[in-house]
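Just so you know, the sequences run in chain order A and B.
When the letters of the first sequence are read in order and numbered with my numbering, they come out as residues 5 to 213.
When the letters of the second sequence are read in order and numbered with my numbering, they come out as residues 5 to 213.
One should not assume that every hint holds.
A pair counts as met if it fits within one copy or between any two copies, since identical chains are not told apart.
To be verified - Straight-line distance between alpha carbons at most 25 Å, and here's what the computed SDA-like set of lysine to any residue pairs gives:
1. K66 with R125
2. K66 with R196
3. K66 with S90
4. K66 with T147
5. K66 with F130
6. K33 with V142
7. K56 with Q98
8. K66 with R38
9. K33 with E92
10. K56 with D167
11. K66 with A131
12. K56 with V89
13. K33 with R20
14. K33 with A135
15. K66 with Y40
16. K33 with E133
17. K66 with D46
Since the hints were made in silico from the structure, they are not lab data.
Quick caveat, the model's predicted, so the values are computed rather than measured.
There are 2 protein chains.
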Amino acid sequence: MLARMSSTPTFKRLPRAVREQQMLDAAVKVFSRRGYHAASMDEIAEDAGISKPMVYAYLGTKETLFIACLHREGTRMMEAIVGAVSAELPPDEQLRRGLRAFFGFVGAHRDGWTVLYRQARSEQPFAGELADMRTRVVEVVATLLRRNLPVPAEGSREVRETDLEVMAYALVGATESLADWLSDHPSEDPERLATRLMNATWPWHPPSK
Amino acid sequence: MLARMSSTPTFKRLPRAVREQQMLDAAVKVFSRRGYHAASMDEIAEDAGISKPMVYAYLGTKETLFIACLHREGTRMMEAIVGAVSAELPPDEQLRRGLRAFFGFVGAHRDGWTVLYRQARSEQPFAGELADMRTRVVEVVATLLRRNLPVPAEGSREVRETDLEVMAYALVGATESLADWLSDHPSEDPERLATRLMNATWPWHPPSK
């Protein structure tokens with residue numbers, strides 16, 4: 005009896021914020037592996053080591069839990085990119101660092117990427133939110149391209165807004181596709197991938213190693 | 005009474021293949037507008053002008069109906085591309101025609117594209133099938149790139165398989181992203197979009213109008 009008592013763990017009351025992060029970690033893992041529809045709140049609760057009623061109490065239904073995951077992973081991704089890019093750098097260097105930070109995020113947070121990209125994208129309640137996020141990313145990229153494209157010389161083909169938009173969509177699509185490729189090739193170096201993409205799609209920039 | 009009788013339509017027994025295409029047309033339309041989960045067999049039957057039991061009799065459950073849509077639209081897309089590309093053409097011309105045919109398909113079959121890309125992609129029973137389709141497309145593109153890249157000169161950086169794979173994924177991702185953009189910009193010309201993409205991402209090829 006004494007032995008049993010001494011091995012009883014001391015339950016500490018964890019701060020709400022810490023518990024929430026634990027639940028989100030578990031939710032991202034389970035959603036990423038099972039998909040939104042097949043994921044069960046039981047498995048998420050069990051993985052987080054928290055009772056199911058408490059998961060519901062903290063984060064509501066499966067739908068609100070998925071949205072909370074989406075927001076956390078999306079915010080982390082944007083913070084990683086914004087943190088790597090400084091407005092003082094030359095624009096092409098901004099893009100290079102942004103790409104590296106993005107692929108670095110995907111390499112380090114495969115589960116988060118799966119939830120963001122492979123799942124949220126076409127689930128009806130979430131697709132709109134994702135599309136908005138993507139539109140903001142495209143706008144940022146179009147701004148970078150606008151600043152970085154050589155000013156068209158007199159008489160040359162004018163760089164027009166639609167061209168910039170098309171290029172930005174192409175670049176974002178290429179980047180997403182490679183992020184997916186990266187998440188299936190765990191041994192690839194995210195920095196190297198960023199360089200490959202810069203070299204393949206940035207013809208007005210001298211190739212770098 | 006006579007008037008009423010004379011206006012009674014003559015029901016013709018349509019061949020099974022024709023009826024099936026009508027059902028698939030209706031299904032692609034409804035799936036594309038409502039999404040897989042919200043689409044109802046009632047609406048599909050009504051849109052096709054066919055009784056619901058007959059839809060079930062011909063094409064089975066909602067799941068098998070969706071798979072039938074996926075196969076028809078995927079086959080149409082591949083046929084459009086393969087029909088436009090001839091092995092006798094120079095490889096860059098093959099790619100250009102392939103891109104035009106692809107964007108032409110998306111422009112003309114918006115509903116089909118929505119079902120293929122926006123919906124099937126992350127629905128659990130269908131995602132695997134789509135991923136296989138995409139892998140085959142990437143392989144075709146990698147083969148085109150391999151033939152079209154300038155043979156590396158002695159001592160220059162070797163064009164390696166991973167580079168080709170990365171480029172192919174980047175190009176396919178860019179193309180998909182622009183197909184999505186195209187389906188939101190109905191007034192854009194698919195041929196012009198193909199040219200824009202060629203010019204933006206095919207640096208070893210002289211720009212064309």
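TODO: Report the numbers of all earlier hints that the structure fails to satisfy, in ascending order.
DONE: 2, 3, 4, 6, 7, 9, 10, 12
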